[in-house]
Amino acid sequence: MKANYGYKDGSGDYFITIDTEKCNGCGKCVEVCPYGVMAVGEDENDPLSDREVAFVTEKERKKIKYTCAPCKPNKDTVPPCIKACQMEAIIHSW
Amino acid sequence: MQKQPEYWRWTESRWTNPDIDWKGKIITSGVDVGSVSSQAVILADGELYAYSNMRTGSDSPDSAMKAMNWAMEDTGLTLNDLSYTVGTGYGRVNVPFSQRAITEIACHARGGNYMYGPTVRTILDMGGQDCKAIHCDERGKVTNFLMNDKCAAGTGRGMEVFADLLGVSINDVGDLSFDIDKEPQPVSSTCVVYAKTEATGLLREGWPKNKVLAAYCSAMAHRIMTLLERIGVEEDFAITGGISKNKGVVKRLEKEVGIKIMETSKYDPQIAGALGAALFAKALYDKGKK
Chain B
1 MKANYGYKDG SGDYFITIDT EKCNGCGKCV EVCPYGVMAV GEDENDPLSD REVAFVTEKE
61 RKKIKYTCAP CKPNKDTVPP CIKACQMEAI IHSW
Chain R
95 MQKQPEYWRW TESRWTNPDI DWKGKIITSG VDVGSVSSQA VILADGELYA YSNMRTGSDS
155 PDSAMKAMNW AMEDTGLTLN DLSYTVGTGY GRVNVPFSQR AITEIACHAR GGNYMYGPTV
215 RTILDMGGQD CKAIHCDERG KVTNFLMNDK CAAGTGRGME VFADLLGVSI NDVGDLSFDI
275 DKEPQPVSST CVVYAKTEAT GLLREGWPKN KVLAAYCSAM AHRIMTLLER IGVEEDFAIT
335 GGISKNKGVV KRLEKEVGIK IMETSKYDPQ IAGALGAALF AKALYDKGKK
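Chains B and R are the protein sequences, given in the same order. Sequence positions in the first sequence follow my numbering and run 1 to 94. Sequence positions in the second sequence follow my numbering and run 95 to 384.
Hints are computed from structural coordinates only; laboratory data are not their basis. These figures come from a predicted structure and were not determined experimentally. In this text, a Cβ means the ideal position worked out from N, Cα and C, and glycines have one as well. Careful: at least some of the hints might be erroneous.
To be verified - Calculated pairs, DSBU-like style, for lysine-lysine (alpha carbon to alpha carbon, straight line, at most 30 Å):
#1 97(R) with 290(R)
#2 28(B) with 341(R)
#3 72(B) with 83(B)
#4 349(R) with 8(B)
#5 290(R) with 72(B)
#6 8(B) with 244(R)
#7 341(R) with 8(B)
#8 75(B) with 63(B)
#9 244(R) with 28(B)
What the hints assert, rightly or not - Listed next, the stretches of chain B that the computed footprint assigns to chain R, with coverage defined by at least 3 CB atoms under 8 Å from CB atoms of chain R:
#10 38-46
#11 74-82
Could you put together the complete structure from these sequences and hints?
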């Protein structure tokens, strides 16, 4: 499943996409995220599965443009969560 | 003073399947407590038996209770007959008689799959205060999703505000929005607050009500289109939620997407979330028994 967490507002699209088919639930993105945006747990959108996957925490979903900003000083910087993910399961839309 | 008519008030509904006798069957249920409407769905051995769809009050547990009581009305069922209940929607953690809460994304995919059949690949839920675009496989499992709940632009609540502003019953908005000479430019902002300001201005310029409705329906369709573009639309394409009853938005969206939108099923399209929850309740009940 491609899980798009985030929002669209007047200034643009701000989504973190997690490919749960690729994600192995290792939790490295959680360790490197300085702001608690990432978490690992049961897949709330696939309630019959027992696998643990990464997701964006509920409290950050509506403000990632601001929370993630320090990790993205310019558009060429690769944020730590993406760098840490060996499965290449995380994509930022902006 | 004469009481102002409530133009926004949409029709609540309830239904019981006359061909099913629930006695001796496994009863599971789903309750969707949304921001604007609440639904309860009851399944007997996994078959749709009864449902209700009503307005959410200020108190989530109370709204869940009321929706369930209305669904059970005249069926002889009581809360004790429910083997497993799943809550979903904004108020999903506030359903006092539920065993589990599941996100509305998962529930809408599952419910849409049941209502529209296994060929559905894209489900757009246009709810009271948010909008969800979901891709699912032939079993109703989510494969891609996107949700916009940060702002109420392009949602049912926005339509309610417009119905009130123009003094048109919300059930007539769709038809009236086509009763125009020429399709107007959409209102430039879909933000409910700004769009209302803009509409007031248009009325002052002498625009007829229908034209203003057309401009708003069209802006809403456009707004949803930009959201859909991110995940794309795959056939078959179905819409659930309150706005799916508004032809003014649905037909205009169909034109923008260029893909035919499936005819609404015989059930109320607002129950998709609760129906999905009830189907999960059945699956979880069966899983627990093994």
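Results of checking the hints against the structure:
1. 97(R) with 290(R): holds (23 Å)
2. 28(B) with 341(R): violated (47 Å)
3. 72(B) with 83(B): holds (12 Å)
4. 349(R) with 8(B): Status holds; Cα separation ~23 Å.
5. 290(R) with 72(B): violated (37 Å)
6. 8(B) with 244(R): Given that 30 Å is the threshold and the Cα spacing comes to 8 Å, the pair holds.
7. 341(R) with 8(B): With a Cα-Cα distance of about 25 Å, the restraint between residue 341(R) and residue 8(B) holds, given a limit of 30 Å.
8. 75(B) with 63(B): Within the cut-off at roughly 18 Å; holds.
9. 244(R) with 28(B): Since the Cα atoms of residue 244(R) and residue 28(B) sit roughly 28 Å apart, the hinted pair holds (cutoff 30 Å).
10. 38-46: Per the Cβ count (3), the hint holds.
11. 74-82: violated (count 0)
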